[in-house]
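Novice: Residue numbers 1 to 209, in our numbering, belong to the letters of the sequence shown in order.
Simulated from the structure, these hints should not be mistaken for lab results.
It cannot be assumed that every hint is accurate.
Claimed, not checked - Straight-line distance between alpha carbons at most 25 Å, and here's what the computed SDA-like set of lysine to any residue pairs gives:
#  : residue 1 : residue 2
1  : Lys-67    : Thr-40
2  : Lys-140   : Val-120
3  : Lys-99    : Arg-31
4  : Lys-58    : Ile-75
5  : Lys-12    : Lys-202
6  : Lys-194   : Ile-129
7  : Lys-202   : Ser-135
8  : Lys-97    : Arg-83
9  : Lys-140   : Leu-119
10 : Lys-58    : Leu-116
11 : Lys-99    : Pro-109
12 : Lys-12    : His-61
13 : Lys-202   : Thr-131
14 : Lys-190   : Ile-129
15 : Lys-99    : Thr-35
16 : Lys-97    : Glu-110
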Amino acid sequence: MKFGFQINLDVKDRPCLVVGGGDEATEKTNRLLETGARVTVISPKLSDELKVLAASAKILHRGRRFKASDVEGGIWLVLNTVRTDGVLSRDLYELAKQKGFLLCSTDQPEYSTFTLPALVQRGPLRIAISTSGVSPALAKRLREDLEPLFDERFEVFLEWLDAYRAHLQSTEPHIDNRQQLLRDAVAKVKLHAKIEFPKVEKKADPKGT
Numbered sequence: 001m002k003f004g005f006q007i008n009l010d011v012k013d014r015p016c017l018v019v020g021g022g023d024e025a026t027e028k029t030n031r032l033l034e035t036g037a038r039v040t041v042i043s044p045k046l047s048d049e050l051k052v053l054a055a056s057a058k059i060l061h062r063g064r065r066f067k068a069s070d071v072e073g074g075i076w077l078v079l080n081t082v083r084t085d086g087v088l089s090r091d092l093y094e095l096a097k098q099k100g101f102l103l104c105s106t107d108q109p110e111y112s113t114f115t116l117p118a119l120v121q122r123g124p125l126r127i128a129i130s131t132s133g134v135s136p137a138l139a140k141r142l143r144e145d146l147e148p149l150f151d152e153r154f155e156v157f158l159e160w161l162d163a164y165r166a167h168l169q170s171t172e173p174h175i176d177n178r179q180q181l182l183r184d185a186v187a188k189v190k191l192h193a194k195i196e197f198p199k200v201e202k203k204a205d206p207k208g209t
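Please work from the sequences and hints to get the whole structure.
Specialist: Structure representation (structure tokens):
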């Protein structure tokens, strides 16, 4: 997968599968639950947090290894967090092509039909960072530097914007005026940034040009 087409998916009430039970699976499961997905986790072992979610019936847990039958019954999306089992990843990829479900295998874009970006979150704000599979570590590093910029004050500003937009929709009948007022409301928002990275030699052109 060289470059993808970036979209946001509505997974509310969709049956989704997470393969694996460690920290990565926990993070992905929580992200799915936040969006209203119906989540099944397949793993012989679970993190403590996933155990709590299973005990409270917020997720369905199957305490074993993945089987092909797990994607029957309308599974819509599968997140494979098991990095160390190439056979599993290949099998899932073949099943995804056959059955038509969406598949993301962590750090294995060659066995994925989509990839998950690193995500900066603050209230309703989502900033997705992707290197198209070139370097997930770099995407994570950029996310870590961006996250502190969007603190609780920014979330308050977003809440105000939401309320202001709703107010204008009910009081300003002219769409052009509404749009201008909303542009004015964010005109002073500025992101000042400086990036540092190691100097490297440009990759040689294999054609010699």
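Novice: Run every hint past the structure and note whether it holds.
Specialist: Tested hints:
1. About 13 Å separates the Cα atoms of Lys-67 and Thr-40, which keeps this hinted pair within 25 Å; it holds.
2. Annotation: proposed proximity of Lys-140 to Val-120 holds, straight-line Cα distance about 10 Å (limit 25 Å).
3. For the suggested pair Lys-99 and Arg-31, the alpha carbons sit about 24 Å apart, so the restraint of at most 25 Å is met.
4. A C-alpha spacing of about 17 Å is found between Lys-58 and Ile-75, which places the hinted pair at or below 25 Å, so the restraint holds.
5. For the given pair, Lys-12 sits about 45 Å from Lys-202 by alpha-carbon distance, which is inconsistent with the 25 Å threshold.
6. Using a Cα cut-off of 25 Å, the hinted pair Lys-194 and Ile-129 holds, with the two alpha carbons roughly 17 Å apart.
7. Taking the CA atoms of Lys-202 and Ser-135, the gap is near 17 Å; set against the 25 Å cutoff, the hint holds.
8. This hinted pair checks out: Lys-97 and Arg-83 have alpha carbons roughly 20 Å apart, not beyond 25 Å.
9. A threshold of 25 Å between alpha carbons decides the hint, and for Lys-140 with Leu-119 the separation of about 8 Å falls inside it, so the pair holds.
10. The straight-line distance between the Cα atoms of Lys-58 and Leu-116 is roughly 23 Å, inside the 25 Å bound, and the hint therefore holds.
11. For a cut-off of 25 Å, the pair hint linking Lys-99 to Pro-109 stands: about 19 Å separates their Cα positions.
12. In summary, the hint linking Lys-12 to His-61 is supported, as the alpha carbons are separated by about 19 Å, within the 25 Å threshold.
13. As the CA atoms of Lys-202 and Thr-131 are separated by approximately 18 Å, the hinted pair is consistent with the 25 Å bound.
14. The suggested pairing of Lys-190 with Ile-129 holds, with an alpha-carbon distance near 19 Å, which does not exceed 25 Å.
15. For the given pair, Lys-99 sits about 23 Å from Thr-35 by alpha-carbon distance, which is consistent with the 25 Å threshold.
16. Our distance criterion of 25 Å between C-alpha atoms is met by Lys-97 and Glu-110, whose separation comes to about 13 Å.
In the structure shown, a violation is registered for the earlier hint numbered 5 alone.
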